[in-house]
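Order-wise, the sequence lines are chains A and B.
Mind the numbering: the first sequence is residues 26 to 442 in the working numbering, read in order.
Mind the numbering: the second sequence is residues 115 to 413 in the working numbering, read in order.
If you're looking for bench data, these hints aren't it; they were derived computationally from the structure.
Quick caveat: nothing in here was measured; it's all calculated off a predicted structure.
It is possible that some hints are incorrect.
Said to hold, decoys possible - Straight-line C-alpha distance at most 16 Å; calculated EDC-like pairs for lysine to aspartate or glutamate:
#1 Lys180(B) / Glu439(A)
#2 Lys358(B) / Glu423(A)
#3 Lys180(B) / Asp169(B)
#4 Lys279(A) / Glu261(A)
#5 Lys375(B) / Glu100(A)
#6 Lys180(B) / Glu442(A)
#7 Lys375(B) / Glu419(A)
#8 Lys257(A) / Glu423(A)
#9 Lys257(A) / Asp302(A)
#10 Lys279(A) / Glu220(A)
#11 Lys336(A) / Asp101(A)
#12 Lys358(B) / Glu100(A)
#13 Lys208(A) / Asp294(A)
#14 Lys358(B) / Glu274(B)
#15 Lys257(A) / Asp356(A)
#16 Lys208(A) / Glu252(B)
#17 Lys365(B) / Asp406(A)
#18 Lys375(B) / Glu439(A)
#19 Lys365(B) / Glu184(B)
#20 Lys279(A) / Asp294(A)
#21 Lys336(A) / Asp356(A)
#22 Lys358(B) / Glu442(A)
#23 Lys358(B) / Asp270(A)
#24 Lys262(B) / Glu274(B)
#25 Lys375(B) / Asp101(A)
#26 Lys257(A) / Asp206(A)
#27 Lys358(B) / Asp89(A)
#28 Lys365(B) / Glu252(B)
#29 Lys257(A) / Glu210(A)
#30 Lys375(B) / Glu186(B)
#31 Lys358(B) / Asp406(A)
#32 Lys262(B) / Glu304(A)
#33 Lys365(B) / Asp217(A)
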Amino acid sequence: MNRPCPHRIAPFVACLSLLATAGGCGRVDRADQVVIWEQMDPRERTLLERHIGEFQAAHPEYADIRISRANYNTEDLRTQFQTAAMAMGGPNLVYGPSDQVGPFVIMDLILPLDELLPPEVLARFDPSGLPTLEGHVWGLPDQVGNHLTLVANRAHVDAIPEDADAWVAQLRRLTVDRDGDGKPEIYGVVFDRIEPFFLVPWLGGFGGWVMDAQANPTLDSQGMIDALTFLKGLVEAGVMPRECDYQLADTLFKEGRAAYIVNGPWSWDGYRQAGVDIELGLLPRIPATGLWPSPMTAAKCYSVNRYTHPKSLPATLALLRWLTSPEVQTDLARELAVLPGDIEVRADPQLVADPLLAASRRQVDHGRIMPIVSEMRAIWDAMRPAYQACLSGELTPEAAAARMQERAVRLIAEMRE
Amino acid sequence: MNGGRRRVDLESRGGRMALWFLAPTAAVLLLVVAYPFFYNVGMSFTNWNMFHFRDPAFNGLTNYAKLVREPEFLRVFLRTFLWTGVNLVFHVTLGVGAALLLNRRLPGRPLYRALLILPWAMPQYISALTWRGMFNLEYGSVNLLLGKLGLGAVGWLSGEWTAFAAATITNIWLGFPFIMVVALGGLQSIPEELYEAARIDGAGAWRRFTAITLPMLRPVLTPAIVLGTIWTFNNLNVIWLVTKQGEPGDKSHILVTYVYKAAFTYYRYGYAAAFSVFIFLTLFGIVKIYQRAADREAF
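Model the full assembly from the supplied sequences, consistent with the hints where possible.
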C-alpha cells in the first residue's frame with residue numbers, strides 16, 4: 026500500500042487550513058438580516074425584544090429575514106459604527122441620542138429618511154425631536170427629552186421649591202451629618218460632577234449657552250462664571266459629595282442617602298424599581314436672572330446605515346416604522362415614563378394624566394435642543410477638565426470659563442483642519 | 115556522493131513542506147498584521163479626519179510635524195515612560211518575590227498560588243472599574259483603609275499625579291502574576307544540586323540568589339519583561355477606565371490613550387495614525403535595546 030508523501034499533501038493541508046479559517050468567520054448574508062446596534066438600558070432592551078417579536082408576528086412577509094440586535098455603551102456604539110461603516114459594513118439601524126447624528130452625516134454614513142419615508146410618517150413627529158441637518162431628516166425618534174430634571178426622594182422632601190435660593194436653603198437642612206465626621210449620612214443633592222452635561226442646565230439658568238448659531242463656542246461668558254460659582258457653592262456648602270461620578274450619585278440616591286438627584290428619564294424607572302418614592306420637579310429658577318435652568322433636550326432615534334444591503338432595506342424601513350409607531354411609543358411612555366416623539370401619542374389622555382410624564386414635559390418646555398453639530402464633541406471635552414478643576418477648587422470660575430473657551434477654540438480648529 | 119545528494123534533496127523537500135505548512139499562518143498574519151500596519155502608515159501621511167472622511171489627501175509630514183509641536187506631547191511621552199518603568203519594576207520585584215515564596219514548601223501553597231494568580235485571571239475591564247470605585251474619595255475602600263490607619267483621605271481621582279498613581283497601583287496588581295507564573299516555571303527548572311553545591315561552598319542566601327537564581331531565571335524573564343514592556347506601554351484599558359478617559363482634565367494620559375482619544379473622540383485619523391507610527395518606532399527601539407543588552411549578557 027502506497028503511503029502519501031507528506032510534501033505532496035502539504036499544499037492541500039495549507040489550503041484546507043485557510044478554508045477552515047475563512048469558514049470559521051461564519052459568513053452571514055447581509056441581504057437576509059436586519060441588525061440593530063443600540064445603547065439601551067436593560068429595561069429598554071427587554072421592551073425592544075418584545076417589539077421586535079411583535080413586528081415579526083405582524084409581518085409574515087419578512088419571515089425569512091433574521092432580526093438581531095447588539096448593545097454597546099454610547100461611546101462604543103459611535104466608534105464601532107463609524108469603523109464598521111467605514112468598511113461598508115455595520116448594522117442596518119443604529120439607535121442612540123440624536124447628537125451622534127452630526128458626525129455620521131458629515132462622514133456620510135447614514136441615509137436621509139425624508140427620501141426613504143412618506144412625508145405623512147415624518148409629519149407625525151414633533152419637529153423639534155427630528156434630527157435635521159443640511160435640510161434632511163436623519164433619524165426617527167421613539168422618545169424625546171433625554172433631559173435632566175430634579176428628582177426628589179419623597180421620604181426626605183415634602184415640597185420642591187421653585188426658587189434656587191430656597192432650594193439651596195432646603196439642601197442645607199436636608200444634609201445630615203449625624204456623627205459629625207464631615208461625611209454626611211444624607212446629602213442634599215447628588216449628581217454627576219464629572220460630566221459637563223450636568224452643568225449645562227445651570228449655564229442656561231444664568232443666561233449663558235455653549236455655542237452660537239455658527240457653532241462657535243461661547244463658554245467664556247458671565248453666565249458660565251455665575252453657573253460655576255453657583256455649583257462650587259453647593260460643593261463648598263457640603264450639600265453634595267466632594268467627589269461624585271454618575272455611579273456614585275445613582276447609588277446614593279437609590280440607597281436613600283440623598284434627598285435629590287439631578288438625572289434624566291433613563292433613570293426614573295430604576296429608582297421606582299429600587300423602591301424610592303420619587304417626585305419630579307423643575308430645576309429651580311435662578312432669582313438673579315429670573316431664568317429657569319435649561320437642560321439640553323434630545324431625541325433618541327434610529328438612523329439607517331448608508332451601507333444597508335438594498336435587499337434588506339424594505340424590511341429595515343418597515344422595522345424602523347414599527348419601532349417608532351404610535352403603539353410602541355405609547356408602550357415606552359407607559360413602561361419607562363419617557364416622552365413620546367409622536368405628537369398624537371403625547372396627547373393621549375392617559376399619558377397626559379401621568380404625574381411623572383407631566384413634570385417631565387414641564388422640564389422639557391424649559392430645555393434647549395442639543396446642537397447636533399460635530400463641534401459639540403470639542404465643546405464637551407473643553408468644558409470637562411475646567412469644570413472639574415473649578416469644582417475641586419483648582420481654578421476660579423473666571424479662569425475655568427476662559428480655559429474652556431480657549432480649549433474649545435483649539436479643539437474645533439484641530440477637528441476642522 | 116549519491117547519499118549526500120539524496121540528503122540535500124530531502125532537506126529541500128522538507129523545507130518546501132515547512133513553507134507550505136507555514137503559508138496559512140503567514141497569509142493570516144499578512145492580512146491581519148501587515149496590511150493594517152502599512153495602511154496605517156499610509157494614513158499617517160494624509161489629512162484624514164471627519165471632514166475629509168471620503169476624500170483624504172496626501173499632506174506629507176504635516177501630521178508628524180504637528181505631533182512634535184503638540185504642547186502636551188512631551189509630557190505624555192515622559193509620563194508613558196514613567197508608567198512603563200514603575201510598573202515593570204513592581205511587576206518584576208513582586209512577581210519574582212512571590213514566585214520565590216511559592217517555590218518553598220509552604221502549608222496551603224496551592225491556595226496561595228490560586229489567590230495570587232487571581233488578578234491575572236480576572237477580566238481587566240472588571241478589575242479596572244472595581245479599582246476605580248475603590249479609589250473614590252469618600253466611599254472607596256482605599257480611603258476607608260487609610261482612615262482606619264489614621265491617615266487622611268486622598269483625592270485619588272481628582273489630581274494629576276494621584277490619578278496616575280491610582281492607575282499604576284491597579285496595573286501593578288493586574289500585572290505581577292504574569293511575571294510570577296513565568297518566574298515560578300523558571301525556578302522549578304533550576305536543579306537543586308546547584309544550591310546544594312553552593313551551600314557546601316559556603317554561599318549565603320543572597321549569594322545563591324544572585325549567582326544561581328537570577329542567572330538561571332534570565333532566559334525566561336527576558337522575554338517576559340520584553341512582553342511586559344510592550345503590554346504596559348500599550349495598556350489602554352487601565353488608564354482609560356481607572357482615570358475615566360484621562361481625567362482629570364486629560365492629565366493622566368499615556369501615549370495610547372492620547373492617540374485613542376485623538377482618533378475616536380476628535381476623528382483626527384491621519385494625526386492619530388502618525389502618532390501610532392511614532393509609538394511603534396518607540397517600542398521597536400526599546401525592544402532592540404533590550405535584545406542587545408540580553409545578547410551582550412549572554413556572551
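Results of checking the hints against the structure:
| no. | hint | in the structure |
| --- | --- | --- |
| 1 | Lys180(B) / Glu439(A) | holds (10 Å) |
| 2 | Lys358(B) / Glu423(A) | violated (25 Å) |
| 3 | Lys180(B) / Asp169(B) | violated (21 Å) |
| 4 | Lys279(A) / Glu261(A) | violated (24 Å) |
| 5 | Lys375(B) / Glu100(A) | holds (11 Å) |
| 6 | Lys180(B) / Glu442(A) | holds (11 Å) |
| 7 | Lys375(B) / Glu419(A) | violated (24 Å) |
| 8 | Lys257(A) / Glu423(A) | holds (12 Å) |
| 9 | Lys257(A) / Asp302(A) | violated (29 Å) |
| 10 | Lys279(A) / Glu220(A) | violated (20 Å) |
| 11 | Lys336(A) / Asp101(A) | violated (28 Å) |
| 12 | Lys358(B) / Glu100(A) | holds (12 Å) |
| 13 | Lys208(A) / Asp294(A) | violated (29 Å) |
| 14 | Lys358(B) / Glu274(B) | holds (12 Å) |
| 15 | Lys257(A) / Asp356(A) | violated (40 Å) |
| 16 | Lys208(A) / Glu252(B) | holds (7 Å) |
| 17 | Lys365(B) / Asp406(A) | holds (13 Å) |
| 18 | Lys375(B) / Glu439(A) | holds (13 Å) |
| 19 | Lys365(B) / Glu184(B) | holds (14 Å) |
| 20 | Lys279(A) / Asp294(A) | holds (11 Å) |
| 21 | Lys336(A) / Asp356(A) | violated (30 Å) |
| 22 | Lys358(B) / Glu442(A) | violated (27 Å) |
| 23 | Lys358(B) / Asp270(A) | holds (10 Å) |
| 24 | Lys262(B) / Glu274(B) | violated (25 Å) |
| 25 | Lys375(B) / Asp101(A) | holds (12 Å) |
| 26 | Lys257(A) / Asp206(A) | violated (21 Å) |
| 27 | Lys358(B) / Asp89(A) | violated (43 Å) |
| 28 | Lys365(B) / Glu252(B) | violated (22 Å) |
| 29 | Lys257(A) / Glu210(A) | violated (21 Å) |
| 30 | Lys375(B) / Glu186(B) | holds (13 Å) |
| 31 | Lys358(B) / Asp406(A) | holds (13 Å) |
| 32 | Lys262(B) / Glu304(A) | violated (38 Å) |
| 33 | Lys365(B) / Asp217(A) | violated (20 Å) |
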